[in-house]
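Enquirer: Starting from the given sequences, assemble the full structure and let the hints guide the process.
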Amino acid sequence: MKISEQQQGAVMVLKPEGPLVEGVIEEFKQRVLKTLAASMGRFVVDMSAVPFVDSLALEGMMDVSDELSKGGQVLRLCAANKTVREVLELTDLASHFDHFDDANAAVRSFL
Amino acid sequence: MPDAQRQTVSTSPRRRFLMRGESAIASAGLTVMALMVCVMIGSVWWAQRTQRTAVREARERQVNAAAQLLAQSSELLLAEGELTAVRRMVADAARDNHFEICRIVLPDGQILASAQPSESKLRDLPPEWDAHSAPQNNLLASQNQWPLLIPGRGPAVLSISGGDTYVAGPNDLAAGVLAIGSVALFALLVLYRRMRFSMRGLGAVREALSALAGGESQPEALLISADLGPEVQAWNGLIRETERIRRADLAEKAREAVGRRQENKGELEAACDAISQGIILIDDQCRVRYANGAATVFLSSKREALVGGDISKFLQVPDVLADVRAIASGSSRRRSTHDVERREEGSESGPVAGVLRFSVRPVRREDVGSAMITIEDITQQRVAEESRNRFVAQATHELRTPLTNIRLYIETAIDEGEENPATRAKCLNIINGETRRLERIVGEMLSVAEIEAGSFELRYDDVRAESLFEDLKAEFEPQAAEKNISLTFHLPPKFPPMQGDRDKITLAVHNLIANSLKYTPTGGRVDVSVEFSNQQLAIQVKDTGIGISEEEQDKVFDRFYRAKDTRVSKITGTGLGLTLAREVVRLHGGDIHVDSKLDHGSTFTLTIPTQKKAA
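Line by line, the protein sequences are chains A and B.
The first sequence maps to residues 36 to 146 in my numbering.
The second sequence maps to residues 1107 to 1721 in my numbering.
Warning: the hint list may mix true and false statements.
Distance condition first, Cα-Cα at most 30 Å in a straight line; then the derived DSS-like pairs of lysine-lysine [to be verified]:
1. A/K37 with A/K69
2. A/K69 with B/K1648
3. A/K37 with B/K1579
4. B/K1676 with B/K1703
5. A/K64 with B/K1359
6. B/K1676 with B/K1648
7. B/K1419 with A/K69
8. A/K50 with B/K1600
9. B/K1661 with B/K1718
10. B/K1419 with B/K1359
11. B/K1648 with B/K1600
12. B/K1676 with A/K69
13. B/K1661 with B/K1648
14. B/K1359 with A/K117
15. A/K105 with B/K1676
Pairwise CB distance ranges (calculated) [claimed, not checked]:
16. A/Q65 with B/L1505: 43 to 53 Å
17. A/S130 with B/A1428: 18 to 28 Å
18. A/N139 with B/E1517: 44 to 54 Å
19. A/N139 with B/A1327: 31 to 41 Å
20. B/R1300 with A/S130: 20 to 30 Å
21. B/D1609 with A/Q65: 21 to 31 Å
22. B/Q1422 with A/E62: 14 to 24 Å
Counterexamples of contact, computed for chain B against chain A with all Cβ distances above 12 Å [to be verified]:
23. A1177
24. D1198
25. D1202
26. N1203
27. W1252
28. A1360
29. Q1383
30. N1398
31. A1401
32. R1409
33. A1432
34. S1435
35. V1489
36. Q1605
None of these hints come from the bench; they were simulated from the model.
These numbers were taken from a predicted model, which means no experiment stands behind them.
We put the CB at the ideal spot given by N, CA and C, even for glycine.
Expert: Set out below in structure tokens:
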């Protein structure tokens, strides 16, 4: 799975490209956890190129959220499409993540 | 998602997919019908053939039996000389058996008796005749013949032919079969249409099942148009129910996962762990009594190892440790704050990974000393602050230059203006130019503020591009001449009508040309080319300036970014010009890119649609 990185100030913006489903979720999770450790949680996941997620992806995102919450932080998502947001709402998981309209707004939230 | 919406989603590609299946059913049906028609025609032909054979054989048997009977009877009667009786018997036999020809012929060709009385010319039976007389071939040809031997008189021949008994003819049979076949075909057609209607739904379901087996899991792609019948409606219901169950299962799993994560945690501990600042409580022996989750992250340690351990094992910041020891021992109650740059793991002098703010506070306890450390990640604030400071410094520098010029020329105008009108006019002209420069700088800053706030927008109107470039030409030619730079505008003879925000397009192009002039040394060259094609305005600004290194080409459009080249730092600039240019161009639906080589110059290419795109 292609995951591009862009540094905006002190914040790393991770942009996975493609559906977050079984087969790629472990790679995504490990990459995010690695970024988490390197940046002390100063990162954002740009979901603009993720068409949909499955239950394993939700589990993986919850694992990352869990890891972040150990440091009192929350997983910041941005630009998620309607399908992904709907899944998060339906599964009552939306409240476990911070969602922003775009990467700039998410990066500004670290100020 | 509402059902109606799902329906819309499912119809277009799926419909085409299903139509292939339907046409397959239709083709199969037509093939079966064609096959049945062929079978019917074949059956008719075979039945006709069989019937003809049977009729012919039956007729032959009938004729043979009648002829033998007639021959034996005729021999006996003719032997007795009963010619009249024979003739009556021949006529009766011909009538009863439908013979066209039935005659007894003598060897010399004379007809002794016949079904047609007029053919028999002999009045009496001859007493004897020549046995070797040849029969007349014309009479015997194509007739079935039976030889007679009349005792005491001589041989003769019984000839019989024609007069077939009426049987249903081949045409009647074919017509009958075809009539029955047509009715059967019509019934089959009606049946086929009914089957086809019901098969469309089944075919669609079969196609959807194939798609499902092929890995398609999106319910929207598996739903089928409901007007294909009750089977399809049942299928759609099944898919929706499956999706509902899947989502419910997903939600349940998620709730379970959340539940697992939240269990076994006290309220206070959970509250402390929800804080993004690290909190560490230190006892009088400098041991960690409590650390929240954020603290374990900042100190890269596990809570089990941290709690009870000496703080100096986990925190290697001498200033912070000294303050902690002082407060823990009770020798000091002074609060202190330290901003510490954190380097990458295992590196002492590597790049800064972040900035942590350690605040050390005494905790009020009567028996023993105790300290609390709070840790906060201020990296992003520090980066923003540095960026802001850099911008303020640049902006101050940018504002100071025109302001200084204005002040100096106002003083000159006041001192010398009354005596020397030419000097006054020159001063006022320069003051006017510097004021406009100030206005532009302030405008850029405001625009950046609008971009930050998300309120930067365009005011569309008709744009006369030729006038826009004439203004830019008039503005920049004196500057280029002053710096001894060859500035050339390659403009088309005629400009097509264009829509856009004239001021902002001018600002974007202005910034590109101004940059080129700014970073091109004396004696250099700047070419501005304008082309229209495919309803796009393409503006190329090419210079022979200092160029941009490859790694910095992506960054030059970032806000406040200025190239690291020392030649750039000597030239004033806010680092906003290209940011604004790109923002303006993108808002118009175009884009801007740079192609550059260090020390060889840069080419900025800007494209803008000439017409506003429909929303």
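Enquirer: Are the Cα atoms of B/K1359 and A/K117 separated by 30 Å or less?
Expert: Holds - the C-alpha atoms of A/K117 and B/K1359 are around 21 Å apart, at most 30 Å.
Enquirer: Within a Cα-Cα threshold of 30 Å, do A/K69 and B/K1648 meet the stated pairing?
Expert: Since the Cα atoms of A/K69 and B/K1648 sit roughly 43 Å apart, the hinted pair is violated (cutoff 30 Å).
Enquirer: Starting from B/K1419, check that the Cα of A/K69 is at most 30 Å away, please.
Expert: 24 Å, holds
Enquirer: Holds or violated: B/K1676 and A/K69, Cα atoms, limit 30 Å.
Expert: 40 Å, violated
Enquirer: Taking the shortest Cβ-to-Cβ distance between B/D1198 and chain A, state whether it exceeds 12 Å.
Expert: Its Cβ never comes within 12 Å of chain A, the nearest being 101 Å, so this holds.
Enquirer: CA of A/K37 to CA of A/K69, is that 30 Å or under?
Expert: 15 Å, holds
Enquirer: Within 30 Å, alpha carbon to alpha carbon, are A/K105 and B/K1676?
Expert: 48 Å, violated
Enquirer: Lying within 21 to 31 Å: is that true of the beta-carbon distance B/D1609 to A/Q65?
Expert: 50 Å, violated
Enquirer: Range hint 14 to 24 Å: satisfied by the CB atoms of B/Q1422 and A/E62?
Expert: 34 Å, violated
Enquirer: Confirm or reject the statement that B/W1252 sits farther than 12 Å, beta carbon to beta carbon, from all of chain A.
Expert: 98 Å, holds
Enquirer: Between A/K37 and B/K1579, does the CA-CA distance stay at or below 30 Å?
Expert: 47 Å, violated
Enquirer: Any Cβ of chain A at or closer than 12 Å to B/S1435, or is the non-interface label fine?
Expert: 29 Å, holds
Hint compliance for this structure: hints 2, 3, 8, 10, 12, 15, 17, 20, 21, 22, 28, 29, 30, 31, 32 and 35 are broken, all remaining hints hold.
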